[in-house]
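Protein chains: 4
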Amino acid sequence: MLIVMQPGATEPEVDAVIARLVEKGFDVHRSTGAERTVLGAVGHIQNSDPRIFEDLPGVFEVVRISEPYKLAGRTFQPRDTIVSVRGVPVGGEEVVVMAGPCTIETREQMYECAKAVARAGAKILRGGAYKPRTSPYSYQGMGVDGWKLQREVADEFGLATVSEVMDASQIEDALQYVDLLQVGARNMQNFTFLKELGKIRKPVLLKRGLSATIEEWLLSAEYIMAGGNREVILCERGIRTFERYTRNTLDISAIPVIEKLSHLPVVADPSHGTGHREQVAPMALAAAAAGADGLIIEVHPDPDNALCDGPQSLLPEQFTRLMEQLRIIAPAVGKRI
Amino acid sequence: MLIVMQPGATEPEVDAVIARLVEKGFDVHRSTGAERTVLGAVGHIQNSDPRIFEDLPGVFEVVRISEPYKLAGRTFQPRDTIVSVRGVPVGGEEVVVMAGPCTIETREQMYECAKAVARAGAKILRGGAYKPRTSPYSYQGMGVDGWKLQREVADEFGLATVSEVMDASQIEDALQYVDLLQVGARNMQNFTFLKELGKIRKPVLLKRGLSATIEEWLLSAEYIMAGGNREVILCERGIRTFERYTRNTLDISAIPVIEKLSHLPVVADPSHGTGHREQVAPMALAAAAAGADGLIIEVHPDPDNALCDGPQSLLPEQFTRLMEQLRIIAPAVGKRI
Amino acid sequence: MLIVMQPGATEPEVDAVIARLVEKGFDVHRSTGAERTVLGAVGHIQNSDPRIFEDLPGVFEVVRISEPYKLAGRTFQPRDTIVSVRGVPVGGEEVVVMAGPCTIETREQMYECAKAVARAGAKILRGGAYKPRTSPYSYQGMGVDGWKLQREVADEFGLATVSEVMDASQIEDALQYVDLLQVGARNMQNFTFLKELGKIRKPVLLKRGLSATIEEWLLSAEYIMAGGNREVILCERGIRTFERYTRNTLDISAIPVIEKLSHLPVVADPSHGTGHREQVAPMALAAAAAGADGLIIEVHPDPDNALCDGPQSLLPEQFTRLMEQLRIIAPAVGKRI
Amino acid sequence: MLIVMQPGATEPEVDAVIARLVEKGFDVHRSTGAERTVLGAVGHIQNSDPRIFEDLPGVFEVVRISEPYKLAGRTFQPRDTIVSVRGVPVGGEEVVVMAGPCTIETREQMYECAKAVARAGAKILRGGAYKPRTSPYSYQGMGVDGWKLQREVADEFGLATVSEVMDASQIEDALQYVDLLQVGARNMQNFTFLKELGKIRKPVLLKRGLSATIEEWLLSAEYIMAGGNREVILCERGIRTFERYTRNTLDISAIPVIEKLSHLPVVADPSHGTGHREQVAPMALAAAAAGADGLIIEVHPDPDNALCDGPQSLLPEQFTRLMEQLRIIAPAVGKRI
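Here the protein sequences line up with chains A, B, C and D, keeping their order. Residue 80 in the working numbering sits at position 80 of the first sequence; the count goes up by one each step and never skips. Residue 324 in the working numbering sits at position 324 of the second sequence; the count goes up by one each step and never skips. Residue 50 in the working numbering sits at position 50 of the third sequence; the count goes up by one each step and never skips. Residue 260 in the working numbering sits at position 260 of the fourth sequence; the count goes up by one each step and never skips.
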């Protein structure tokens with residue numbers, strides 16, 4: 001932490017700030033310039049709110065300098081983490097594609113989806129059994145029966161599975177049926193839930209909150225990792241902006257930023273990120289070109305009759321075409337499908 | 001729902017859209033203009049995503065027209081709801097002030113706070129026992145022991161209490177010790193939690209999410225109310241904007257907007273809304289002038305040594321001064337302290 | 001500027017950064033801590049992009065510490081600036097109310113408006129002759145004839161005038177007819193225009209840009225002041241947020257923040273800030289309670305037939321009622337109408 | 001425009017709204033449903049603010065249905081516009097790369113840049129002579145001498161040129177020296193300037209404003225086109241979001257959205273969009289993968305000593321490598337370099 005004094009700060013003011021810092025357990029380094037004095041404070045700021053110092057007389061600004069996350073950061077671990085999802089390595093050279101319907105509806109629907117996406121090259125089958133809906137009157141999902149169904153179908157095609165878990169009470173079932181437990185955007189800062197996920201030993205897909213900064217996102221990963229679970233995959237799924245032609249704005253630049261700040265794998269969700277079928281393929285290609293470790297894409301054999309998010313689901317043949325395009329693009333950035 | 005056709009849409013295209021609407025259970029009214037055709041669709045759109053129709057050939061735009069919340073809206077209940085918090089009516093003529101520290105620390109601290117705020121005219125004692133912190137390394141609160149302590153002290157001064165509940169597992173304890181259960185901004189769309197709160201029979205203070213729209217906020221209130229708990233107080237606590245001189249931007253205009261759209265009481269939190277002590281009083285006065293039904297304000301006898309959010313806490317004497325100013329302002333808008 | 005080195009930065013890396021700083025004309029103060037080294041750099045960073053240093057090996061973060069504005073800041077001038085608009089002092093104890101129609105339409109309309117607002121206690125007559133419209137097909141204003149008309153009517157009632165100037169080419173006419181030249185939100189960073197306004201000797205009302213930070217706003221004031229014109233009044237008029245029930249979100253907290261950072265007067269525009277008549281009075285009262293030096297409010301004798309922004313205009317009788325409420329509120333914060 | 005009545009609206013209320021619509025020159029179509037009545041209003045709403053109707057008794061909501069831009073929209077012109085910049089076609093199959101320094105500094109610098117970018121395959125030389133700077137104390141550019149220099153060097157290498165014009169007063173010079181006149185993000189809604197650009201007969205590169213919606217951006221294009229100049233290229237350059245690790249958030253999804261809504265070419269600026277050299281290449285590749293018609297990229301032979309934006313400039317060899325990657329990616333979306 002750095003305490004920048006005002007240009008005309010008096011000596012007693014500077015001394016008072018130093019005394020306060022020492023009292024709070026910091027080592028202080030003073031740097032007196034022609035214009036102003038700066039105090040460098042080294043120590044643990046965990047429980048010390050920088051604003052305490054901001055309001056002391058003579059203080060101009062307080063600047064936090066440590067990155068607040070540790071386990072999730074590259075400083076702690078320079079080499080890339082590769083998360084194994086039922087044997088599928090996420091975070092290495094391969095762009096791992098997760099695909100399937102938004103919502104698990106019927107065995108037939110899941111079978112058609114799984115067949116189509118497996119054939120086209122996807123490795124993980126997506127599908128929601130518990131749905132976080134803005135309105136209490138919207139369809140809320142088929143629950144654990146959905147997961148059983150997803151498991152059976154995935155096994156038939158040798159696919160791993162990913163599905164959203166909304167609450168600690170659902171974790172036990174999820175551990176039995178789901179390979180990659182997804183935390184939804186609205187739960188990114190549900191801290192009690194994150195702590196529970198820190199206790200398990202299965203990979204977690206952590207979606208970015210709708211208006212979360214990358215730092216907050218990494219701190220939420222830190223909650224899971226601090227509990228002992230290091231298998232975290234980050235998922236960019238679109239942030240809220242002023243634009244209305246897209247449902248959200250998929251922040252492609254988060255991909256190279258995460259790549260720099262963290263060793264964790266990062267994947268993109270162009271389906272929720274855009275909300276419109278016609279934008280899914282361009283944004284999936286963009287994410288791959290920017291270096292994403294994977295993609296999670298909604299595919300539905302009959303999107304017009306899907307229970308949820310049909311308009312952002314690709315048809316199987318569109319998904320197949322997209323996979324072909326991805327195979328051209330991945331090598332340009334040293335990856336492969 | 002209204003389906004606006006493109007200027008050059010053909011008759012077969014219009015017919016196909018009508019057929020699709022009827023199939024989905026809608027009654028359709030057709031309006032053919034010189035420039036374009038508009039279809040009005042009446043029915044339950046709960047499980048019907050408007051985007052299904054957006055992607056049909058010839059469709060220009062789909063417009064949702066019903067307000068998606070019912071129990072929380074003024075259409076459903078025109079007269080104001082008054083929520084009784086241990087006998088303190090919130091939502092009537094009185095501007096109810098809730099005050100106390102951010103975090104419950106010690107009996108002495110709570111006693112000093114309670115004495116000061118009760119004497120100045122506050123009716124409800126605030127204080128956090130479970131703290132949602134962005135970083136897993138920050139202080140997480142003293143738990144149920146804090147609530148016991150808050151209860152004892154509040155009883156001594158005849159105050160009601162408000163405190164944050166973070167998870168379904170904490171509800172049982174909260175029911176025993178807390179009069180008004182607060183849902184934090186980061187939990188506003190924790191839907192499984194909201195459903196649990198719908199089952200209890202105690203008032204809930206629902207904070208607005210950091211980037212939530214007013215509609216989403218009312219839909220979250222709807223989740224609680226749909227479960228049977230009609231005692232919801234809304235709390236504006238600042239939204240995320242690009243501004244860095246304030247921690248958040250307290251959206252004062254949400255107060256008259258809620259007043260128009262909903263019968264539920266709305267209060268403001270100028271402490272979290274601004275993050276800086278010097279802005280708390282101006283924003284508290286502003287909220288009262290805009291017609292708020294109450295205020296929730298952080299007060300600490302020794303903010304420099306507070307475990308959390310000291311820099312945004314008022315000193316007891318500043319709080320007393322603020323109450324005097326509020327007594328001047330409230331009558332200007334037909335209210336009183 | 002402070003250069004924070006990475007935890008493991010080597011001595012040669014630190015030396016290279018110091019050499020680069022010295023080369024760029026900075027004095028450097030080194031502070032070596034247990035965890036990391038911090039370099040304080042004192043000098044003129046005007047033309048030195050901090051990111052130059054960010055990309056040097058071993059650098060963790062670069063932090064700018066000087067406030068970039070000078071003439072507009074309280075550090076430069078601690079006492080409040082009072083701007084005289086044709087003899088009306090803005091920035092002192094009086095809350096100055098500017099009122100009138102959005103757009104100048106006819107002599108009769110202006111006369112009715114001026115009579116009503118003067119009688120109720122307004123001191124400055126607003127009215128637009130040049131209108132910045134998002135669409136090229138919207139009404140663009142009556143031009144200089146409007147200003148002549150506004151001038152005549154204002155003189156009849158002893159009012160000063162305020163009106164928007166959109167371009168350097170309009171300044172000459174404005175100087176003849178308008179007392180307070182308004183810069184619209186979309187022009188806040190039209191730097192060539194700001195420079196021209198720095199050359200004149202009449203007060204300027206500088207509206208905040210739709211997504212501008214307070215720092216950027218003060219820097220735009222600095223552009224005008226650096227040219228020699230110190231008569232700048234800041235006007236908060238609402239920022240863009242995700243909320244759709246209001247046209248913009250009037251950032252009331254900008255008022256106490258500006259009060260702290262700058263000596264310039266700050267006024268609020270609740271008409272554009274909300275866009276709806278029913279929210280104008282609550283927000284005007286809120287701004288006054290937060291300490292605003294003035295208000296600019298749209299009033300129209302026949303808003304239903306106004307050429308522009310009728311729905312956000314108050315009727316004369318609503319304006320009169322608002323003035324009465326303001327007279328109750330102002331004394332609570334040491335002001336008067 | 002559609003007027004949606006409240007559920008309990010009375011017959012006289014409906015009649016009053018119809019009368020008002022007819023008075024304003026609309027044809028009205030009434031649709032009476034079980035739940036509510038909807039009025040479709042056909043006519044020119046240019047000078048009729050929808051909020052006029054919103055505030056009438058019994059009205060629930062007013063919905064605008066026409067797209068407000070015409071010349072810029074695909075409805076008006078379904079086939080792609082190809083803009084010729086000194087013979088270089090922008091908007092066709094080729095991804096046109098514009099490259100060069102942020103700021104024109106010296107003949108040598110421009111020569112080095114031009115040589116490098118021409119050799120690597122760029123077709124248009126960028127370089128700023130007038131710089132819009134947030135602070136009045138920052139370097140403001142070398143003016144028309146810069147343009148002369150850029151012209152000479154570009155001619156040597158057979159390149160076209162692009163450069164920012166900040167004001168109507170600079171247009172005459174620009175017409176003489178610059179092939180593609182750039183409108184900066186902060187000038188996107190400088191309407192008097194846009195009107196002037198409508199009068200010329202040279203291509204304009206219109207950057208998106210920092211918080212502009214796509215609709216506002218297209219309406220600004222409409223201002224230029226309505227004046228008679230149809231040669232507009234849109235440039236996505238990053239929008240303001242809450243993220244601090246990037247300077248702006250390059251909205252890649254704007255590319256497919258523009259492709260759908262408009263016939264105008266759209267290019268991306270990954271240099272300003274990210275602000276950091278290491279993110280430029282990933283975002284350039286992403287934009288190409290999403291179907292951009294071109295890229296505008298900052299390249300500097302000695303970025304550490306650049307007068308402006310050095311940290312976001314690529315080195316010539318990085319640019320060459322990027323061009324190779326682009327050559328792999330473009331064919332995946334049916335384009336070529």
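For the record, the hints were derived by calculation from the structure and aren't laboratory data. All C-beta atoms in this analysis are idealised placements derived from N, C-alpha and C, irrespective of residue type, glycine included. A few of these clues could be false.
[As the list claims (entries may be wrong)] Capping the alpha-carbon separation at 30 Å, the derived lysine-lysine pairs in DSSO-like fashion look like this: (1) A:199 to B:148; (2) C:195 to D:195; (3) D:148 to C:199; (4) C:335 to B:335; (5) B:24 to A:115; (6) B:195 to A:199; (7) C:115 to D:195; (8) B:199 to A:195; (9) C:199 to D:115; (10) B:195 to A:148; (11) B:199 to A:199; (12) C:195 to D:199; (13) C:24 to D:115; (14) B:260 to A:148; (15) D:70 to C:148; (16) D:115 to B:260; (17) D:260 to D:202; (18) A:195 to B:195; (19) A:195 to B:148; (20) C:199 to D:199; (21) B:148 to A:202; (22) D:24 to C:195.
[As the list claims (entries may be wrong)] Each pair of labels, with its calculated beta carbon distance range: (23) C:227 to B:82: 55 to 61 Å; (24) C:54 to B:111: 47 to 53 Å; (25) D:121 to C:54: 26 to 32 Å; (26) C:260 to A:260: 31 to 37 Å; (27) C:321 to D:144: 55 to 61 Å; (28) D:324 to A:54: 47 to 53 Å; (29) D:25 to C:172: 33 to 39 Å; (30) B:84 to D:260: 38 to 44 Å; (31) B:82 to C:327: 43 to 49 Å; (32) B:111 to C:334: 42 to 48 Å; (33) B:30 to A:321: 57 to 63 Å; (34) D:260 to C:336: 52 to 58 Å.
To see whether the hints hold, each was checked on the structure:
1. At roughly 29 Å between alpha-carbon atoms, residue 199 of chain A and residue 148 of chain B fall within 30 Å of each other, so this suggested pair holds.
2. At most 30 Å may separate the alpha-carbon atoms for a hinted pair to count; residue 195 of chain C and residue 195 of chain D meet this at roughly 21 Å.
3. Restraint check: the Cα-Cα separation between residue 148 of chain D and residue 199 of chain C comes to about 29 Å, which is no more than 30 Å; the hinted pair holds.
4. Of the pairs offered as hints, the one joining residue 335 of chain C and residue 335 of chain B holds, with about 21 Å between alpha carbons and a cut-off of 30 Å not exceeded.
5. Between residue 24 of chain B and residue 115 of chain A the alpha-carbon distance is near 28 Å, which keeps this suggested pair within the 30 Å criterion.
6. For the proposed pair residue 195 of chain B and residue 199 of chain A, the alpha carbon gap of about 25 Å is at most 30 Å, so the pair holds.
7. At most 30 Å may separate the alpha-carbon atoms for a hinted pair to count; residue 115 of chain C and residue 195 of chain D exceed this at roughly 36 Å.
8. Distance hint between residue 199 of chain B and residue 195 of chain A is fulfilled; the C-alpha atoms sit about 25 Å from each other, no more than 30 Å.
9. For a cut-off of 30 Å, the pair hint linking residue 199 of chain C to residue 115 of chain D is broken: about 42 Å separates their Cα positions.
10. Under the criterion of a C-alpha separation no larger than 30 Å, the hint pairing residue 195 of chain B with residue 148 of chain A is consistent with the structure, at around 25 Å.
11. With a CA separation close to 29 Å, the supplied pair residue 199 of chain B and residue 199 of chain A stays within the 30 Å bound.
12. About 25 Å separates the Cα atoms of residue 195 of chain C and residue 199 of chain D, which keeps this hinted pair within 30 Å; it holds.
13. Our distance criterion of 30 Å between C-alpha atoms is met by residue 24 of chain C and residue 115 of chain D, whose separation comes to about 28 Å.
14. A threshold of 30 Å between alpha carbons decides the hint, and for residue 260 of chain B with residue 148 of chain A the separation of about 47 Å lies outside it, so the pair is violated.
15. This hinted pair does not check out: residue 70 of chain D and residue 148 of chain C have alpha carbons roughly 35 Å apart, beyond 30 Å.
16. As the CA atoms of residue 115 of chain D and residue 260 of chain B are separated by approximately 64 Å, the hinted pair breaks the 30 Å bound.
17. Restraint check for residue 260 of chain D and residue 202 of chain D: satisfied, since their Cα atoms lie roughly 25 Å apart, inside the 30 Å limit.
18. Between the alpha carbons of residue 195 of chain A and residue 195 of chain B the distance comes to roughly 21 Å, so the proposed pair stays at or under 30 Å and holds.
19. Pair hint residue 195 of chain A plus residue 148 of chain B holds up; C-alpha atoms about 25 Å apart against a cutoff of 30 Å.
20. The straight-line distance between the Cα atoms of residue 199 of chain C and residue 199 of chain D is roughly 29 Å, inside the 30 Å bound, and the hint therefore holds.
21. At most 30 Å may separate the alpha-carbon atoms for a hinted pair to count; residue 148 of chain B and residue 202 of chain A exceed this at roughly 37 Å.
22. Under the criterion of a C-alpha separation no larger than 30 Å, the hint pairing residue 24 of chain D with residue 195 of chain C is inconsistent with the structure, at around 43 Å.
23. For the pair residue 227 of chain C and residue 82 of chain B, the beta carbons lie near 57 Å from each other, so the given range of 55 to 61 Å is met.
24. Residue 54 of chain C and residue 111 of chain B have their C-beta atoms about 50 Å apart, which keeps the hinted 47 to 53 Å range intact.
25. Taken as a hint, the range 26 to 32 Å holds for the pair residue 121 of chain D and residue 54 of chain C, whose Cβ atoms sit roughly 30 Å apart.
26. Remark: the range hint 31 to 37 Å for residue 260 of chain C to residue 260 of chain A is upheld by a beta-carbon distance near 36 Å.
27. In this structure the hint that residue 321 of chain C and residue 144 of chain D lie 55 to 61 Å apart at CB holds, the actual value being about 57 Å.
28. At about 50 Å, the CB distance of residue 324 of chain D to residue 54 of chain A agrees with the hint of 47 to 53 Å.
29. Range check, residue 25 of chain D to residue 172 of chain C: about 38 Å between beta-carbon atoms, so the 33 to 39 Å window is met.
30. For residue 84 of chain B paired with residue 260 of chain D, a C-beta distance near 53 Å fails the hint of 38 to 44 Å.
31. In this structure the hint that residue 82 of chain B and residue 327 of chain C lie 43 to 49 Å apart at CB is violated, the actual value being about 30 Å.
32. A C-beta distance of roughly 33 Å is found between residue 111 of chain B and residue 334 of chain C, which places it outside the suggested range of 42 to 48 Å.
33. A beta carbon spacing of about 37 Å between residue 30 of chain B and residue 321 of chain A contradicts the range 57 to 63 Å that was offered as a hint.
34. Checking the proposed 52 to 58 Å range against residue 260 of chain D and residue 336 of chain C shows it holds: the Cβ atoms sit about 57 Å from each other.
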